[in-house]
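*Asks:* Sequence lines, in order, name chains B and L. Here the first sequence stands for residues 1 to 153, where the numbers follow my numbering. Here the second sequence stands for residues 154 to 260, where the numbers follow my numbering.
For the record, the hints were derived by calculation from the structure and aren't laboratory data. These numbers come from a predicted model, not from an experiment. Ideal placement from N, C-alpha and C gives every residue a C-beta, glycine not left out. It cannot be assumed that every hint is accurate.
Computed cross-link-like contacts, BS3-like style, restricted to lysine-lysine with a CA-CA straight-line distance of at most 25 Å [stated by the list, open to error]:
#, chain 1, residue 1, chain 2, residue 2
1, B, K116, L, K177
2, B, K95, L, K169
3, B, K43, L, K173
Pairwise CB distance ranges, derived in the manner of DEER restraints [stated by the list, open to error]:
#, chain 1, residue 1, chain 2, residue 2, range
4, L, K258, B, N97, 55 to 65 Å
5, L, A230, B, E143, 18 to 28 Å
6, L, T206, B, N97, 25 to 35 Å
7, B, E112, L, T206, 16 to 26 Å
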Amino acid sequence: MRVNFTGKQIVLYYLLSLFFLASCTPLIGPYSPTAYQNATSLKAETLALMSKATTPYALHEQKVAALMVDIDKAYEYVHGFPSNDLSAKQWEILKKNDGNLLGKFFQRWKNEDTLKKEYIDEFKRIISDAFDEIICLEANKKEATTCSRRGGK
Amino acid sequence: MSKFDDFIAALEDGVKRLAKDTLKGFETQALSDAQAFIAKCKKDLERWTELLTEGRLSKKDFCDLVQAKKDLAELHALTNAGLALIKLDQFRTALMNVVIEAAAKVL
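Here chain B stands alone, though its shape is the one from the complex (with noise of 0.2 Å):
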């Protein structure tokens, strides 16, 4: 039996296979729990260790290196999904040795030996808000939630 198919089907059948050829690809990477546990966790650690900050660099510069490890594997887990760019990007901005967050802390930790409380304090808050970006975009893959720095303190 042979059948016709009009102009208009021809048409149809194409942009429907176009369509659900596309919709195979996310826009964005898939929620992980080890992503949002290395984000918890992390964000735990490195706000503790900041908060030595007042006694000598020397003293803490092993776990300082370590956390740095740490949070280089979690931006490389982030880094392997695939469409995952903008999680990967936000680690990125946060653990790069020259950029303004968690680079700058540090190495203004190393130079000086000691910082100002006032100034790590308030150092901390952005810390704190910037591993908060990242827990939000992660907890948001999987549902929708208000994020708790949003319009937060």
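With chain B fixed as given, assemble chain L onto it according to the hints.
*Replies:* For chain L alone, kept in the frame of chain B given last:
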């Protein structure tokens, strides 16, 4: 009306409903979120200025904090870009279902 026209009509109805349900309120939410971020920046800047005046922060401390805040704003923008992509992904998945439903109605 041909089956093709029926399909398009069913699709139009579905897409309108879907856009209303899925994307509703996103723009308002994004705007209020941006305003909250700016308000927080302003509050921080006021506090740092006060600490600088009192001599509890140095000029270098102040500059570091402002620069750190700039990078934080970049992280914030990336989060918002991600939230928009998540919404679009949800819309696209739901749209696929609407297309299938519309096709099923006319077949």
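*Asks:* Please list, smallest to largest, the hint numbers that this structure does not respect.
*Replies:* 1, 2 and 3
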